[in-house]
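S.K.: Residue-level listing of the chains:
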Amino acid sequence: MLTLIGVLIVVIGFALRINPLLVVAVAGIATGVAGGLDPVSIVSEFGRAFTENRYISLVWLTLPVIGLLERAGLKERAQHLISRIHGATAGRVLLLYLALRQFTASIGLNALGGQAQMVRPLIAPMAEAAAETRYGDLPDATRYLIRAHAAGVDNLGAFFGEDIFLAMGSVLLIKGFLEQNGIVLQPLAIAVWAIPTALAVFVIHGIRLMLLDRHLKKQFSGDQT
Amino acid sequence: MIHLEFVYILAGLVFCTVAILEWLDRSNSQRYRKLLFWGIYGITFLFGAVLPSFVTGCLVIVMVLMTGMKDLKRSEVSSVSEAQRRTSAQRLGNKLFIPALLIPLVTFTGTLTLDRVRLHGIPLVASSEVTLVSLGLSVIVALVAALTLLQQRPVDSLHEGRRLMTSVGTVVVLPQLLAALGALFAAAGVGGVVAGIVNHVIPVNFTFGVVIAYAVGMALFTIIMGNAFAAFPVMTAGIGLPLLVHLHGGNPAIVGAIGMLSGYCGTLMTPMAANFNIVPAALLELPDRNGVIKAQIPTGILLLIVNIFLMYLLAFRF
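Sequence order for the protein chains is V and E. Count the first sequence with the working numbering and you get residues 1 to 225, in order. Count the second sequence with the working numbering and you get residues 226 to 543, in order.
A few of these clues could be false.
[What the hints assert, rightly or not] Straight-line alpha carbon distances no greater than 25 Å define the calculated DSS-like cross-link-like pairs of lysine-lysine that follow:
#1 218/V / 519/E
#2 217/V / 519/E
#3 519/E / 295/E
Derived from the structure by calculation, the hints contain no laboratory data.
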């Protein structure tokens with residue numbers, strides 16, 4: 001039970017809003033100590049895993065390019081395009097992106113998206129602009145809400161699209177795990193069962209996005225009267 | 226042969242550049258701490274392959290200590306005004322989208338082709354590394370396109386890179402640190418303890434109850450670990466296989482697939498999945514670190530319920 005101390009530290013540290021880096025480092029060391037590892041192996045394991053997972057951070061490489069494009073007016077251009085499309089709303093822009101992201105991820109095009117590459121420079125500004133075109137200048141809280149939904153849509157589309165693709169990590173992990181336990185299956189036999197959930201995601205989140213539109217409409221048409 | 230290590234070195238150079246720019250800016254507060262934070266981060270990328278794990282571990286701890294109890298203060302990095310950006314957007318028009326779209330397009334085409342190109346019988350890029358190498362390549366292509374097509378200045382890309390990276394802040398290393406925490410959890414046997422607790426509380430003979438325990442267990446364990454892939458082997462070995470598949474005769478493909486997706490519901494709801502939830506909040510400059518999670522929680526919970534019913538209705542019928 002003592003090995004769960006790291007989990008407790010993370011929960012408390014995150015709840016108290018202490019610097020997350022410090023919380024995670026302390027939780028790691030505490031878990032190692034509770035698990036009976038000696039200090040040198042704790043630090044070594046930390047270093048080894050940190051190096052091995054450098055790939056997660058490669059997405060930051062895109063930031064100098066994205067920053068440069070933002071400087072040249074990428075966001076403004078994206079907003080301009082959206083403002084000319086009649087009938088565009090924040091919810092509809094995000095719903096279209098959700099559909100595209102789910103579809104492309106399901107055929108293995110997981111690279112066509114991402115928080116740094118797509119959401120920050122294009123999707124979030126477009127959704128914001130769609131609401132702005134309708135309701136004029138938005139209060140900050142509304143901007144943040146729309147942006148949070150833009151990030152959520154990218155995650156949902158990627159998570160619940162990629163599972164349908166045969167060569168994806170998750171399908172291969174399931175296949176590999178079952179194989180080790182004497183159950184041999186083709187990737188397709190596993191991947192098809194991700195389809196019902198993928199459809200449910202689109203329906204549930206689609207309804208939520210339409211509700212977001214209604215919420216915005218109510219909030220701002222109420223203001224005008 | 227293009228190695229993934231080259232891309233890491235490129236990233237290391239970018240982080241070191243941020244470190245130097247942070248230090249050179251005299252109006253910047255805490256500039257020495259920032260120099261060390263970004264500099265050490267860069268070094269772990271540049272020399273990750275050759276440094277002993279213990280040394281990297283020590284460096285990472287020093288880097289974390291540089292951020293202190295309250296995290297580093299935000300750097301104020303100036304950029305062009307909104308009016309200037311509008312004028313520029315009008316002048317450049319839709320050409321602006323070309324470099325932005327080149328990033329996903331080159332990553333995608335590279336992923337499909339680069340591991341099939343052979344020089345003297347050796348693949349140009351190892352197939353296990355092809356996506357990440359293509360991502361690195363796509364950034365270079367997009368940068369060249371931005372510099373030539375849009376006539377931007379190279380020095381501005383460094384400046385803007387610093388602006389964006391420091392606006393995300395020290396959260397940039399959080400996903401990697403959490404992965405390291407996951408490794409320590411695994412080394413200390415946290416998974417077994419959690420599976421033991423879940424096993425202790427479930428009604429073994431009641432099919433629907435076991436389905437709930439497995440799906441909710443996947444989600445909860447993912448919330449703790451931040452990663453459904455870490456939860457899957459533990460929960461499936463503990464509940465999915467012995468109880469759902471062997472005892473109750475469930476279809477292993479359905480149990481496995483929907484079990485994994487139940488874990489993904491957990492991913493939507495946890496700050497431990499920092500690269501999906503916390504990093505975007507920083508990227509989009511949300512004041513609430515949990516803003517993205519809050520937007521996802523209702524979908525996450527509803528979806529978990531749907532998954533429970535899907536598994537119960539499908540796994541014992543097909």
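S.K.: Check each numbered hint against the structure and report the violated ones by number, ascending.
M.R.: none
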